[in-house]
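Protein chains: 2
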Amino acid sequence: MALAHPDRPTPRLTAAAAPLTHELEVLDEFGATRRIAVPAERALTVFVDKRELVTLMTLGAAPELLVLGYLRNQRLVDSVHDIESITVDWDVNAAAVNTRAGIERFDEKTAKRVVTTGCGQGTVFGDLMGELDSIRLPAADEPSARISQSALYGLLNAMRVQESTYKSAGSVHGCALFKQDELLMFVEDVGRHNAIDTIAGWMWLNDVTGADKIFYTTGRLTSEMVIKSAQMGVPIIVSRSGITQMGHQLAVQLGLALFGRAMNKHFICYSGFARFDSQPEPPR
Amino acid sequence: MALAHPDRPTPRLTAAAAPLTHELEVLDEFGATRRIAVPAERALTVFVDKRELVTLMTLGAAPELLVLGYLRNQRLVDSVHDIESITVDWDVNAAAVNTRAGIERFDEKTAKRVVTTGCGQGTVFGDLMGELDSIRLPAADEPSARISQSALYGLLNAMRVQESTYKSAGSVHGCALFKQDELLMFVEDVGRHNAIDTIAGWMWLNDVTGADKIFYTTGRLTSEMVIKSAQMGVPIIVSRSGITQMGHQLAVQLGLALFGRAMNKHFICYSGFARFDSQPEPPR
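For the protein sequence lines, the chains are E and S, in the order given. If you read the first sequence in this note's numbering, its first letter stands for residue 38, the second for the next number, and so on. If you read the second sequence in this note's numbering, its first letter stands for residue 38, the second for the next number, and so on.
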């Protein structure tokens, strides 16, 4: 591996992507048996310096980036350079994280559980809400932190043509990172939090900042999606789904633009109107 | 409160349901502002005998039953009769649980975290997987633990006509308990795990057993939905959504019947064919 900064090496990662779909024999309403593809789902137990941290249930598309993003978004590790390696081994369903110098206050950081909405009951260690005051997103008049209606349509079209496990097997959430309507990274997982964490891991590894980026998610705009986006400095989120009250409230507080029900040429802008260049369609 | 069994009193519960929707002003693709309803989402921090356990993000439809079901499904309390009261106060976003005699091995029971799929990263304390061997569902030839295609259509029709926050505001998951096509209990929440936990709380409180019941969920059939259903003794699950590989694998192992993509007169039976009386439609 060629290192750009030998003094600030990035983690060594395995590349343990696993098969993403699995075939089943099913019975339909016509009494016919047929074979269909469904998404894989596997347990991945994360060990940090040989201590068990958590078990994530994942599709397995990019497990190393998932673990990296999880450590980042849970605020367990301060810098990606503090991580020496992540080794995923599907034979034992484990991800071994080695840090360069250990994690300070590990027990304290993992002590508090906030079970977030999701479609489930997500775990966020530590007091993320308390961190919100320190978040600064770029100003709404910064051109790279705005989006026009035509760029939004370009983004939605890029998602429409993207090959995906969702198209072949359903039942997964997709998440993508855009710079205007240019797709930079796309990943799917059985849980949408895993998907966004994987994007976070990719950004961390490649030193990609969020201020001029846009998140796309197939999942809902709940409080923790807004918080995760804001923590990564991304000021705009686009979702195929809808929103909850707290997702809206936090976005208003933080100055994020939220677009939901976004597909083809339809969308609703829920917040951050100041970041949006509306180019209205003539009503039909 | 009239007690059927004065020696085995059920918990005293507040009835702190909160408003389920909230109005927002949004901007659409035609450049028009309009008002829409979105689901509420609020934090509920659960204290057990004054010790903080977890913060759940919830719609707030039935918070006491949610807490009750959470304690049950996390295996933190053995019997509903061990709980003296649950007091929910939205002014402080807290649920205070008082037990009659404390919880044995509280720290040990809450030490292990499994972050499950969901759309998020759910928390399941303890080693649920290890419990699977002890689960016994009713035999597949037991009439009350089977379903016919016409009863399935009746169930789907009952869900179709059910009034819901989903219809008015979207972005919530619904969960229901049926006895054949008779709807016994319906609840919605921002997270589908909260919805199923609320049903579990209702069953626990009212001493309703699962062997002759059917779960309906709008969410996907992931591993933990199957596990939660099996733990409550319910042998059949019907979902509007799809399935993941591990959800399927566990259902086969446990002998559950899973129906997905179920809406109107369409469905796929993924597992437990032996519990299903197929009455095929003529192909169109």
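Hints should not be assumed to be uniformly reliable.
The list makes no distinction among identical chains, and a pair is therefore deemed to hold if it is satisfied within one copy or across any two copies.
Below, simulated DSS-like cross-link-like pairs (lysine-lysine); rule was C-alpha separation at most 25 angstroms, straight line [said to hold, decoys possible]:
id, residue 1, residue 2
1, K302, K216
2, K87, K146
3, K302, K204
4, K216, K204
5, K146, K216
6, K204, K146
In case anyone wonders, no lab produced these hints; they're calculated from the structure. The model shown is predicted, which means the values in this text are computed figures rather than measured ones.
Consistency of the hints with the structure:
no., hint, verdict
1, K302 to K216, "within (19 angstroms within a copy, 43 angstroms between copies)"
2, K87 to K146, "both (17 angstroms within a copy, 22 angstroms between copies)"
3, K302 to K204, "both (20 angstroms within a copy, 22 angstroms between copies)"
4, K216 to K204, "within (24 angstroms within a copy, 34 angstroms between copies)"
5, K146 to K216, "neither (33 angstroms within a copy, 45 angstroms between copies)"
6, K204 to K146, "neither (39 angstroms within a copy, 40 angstroms between copies)"
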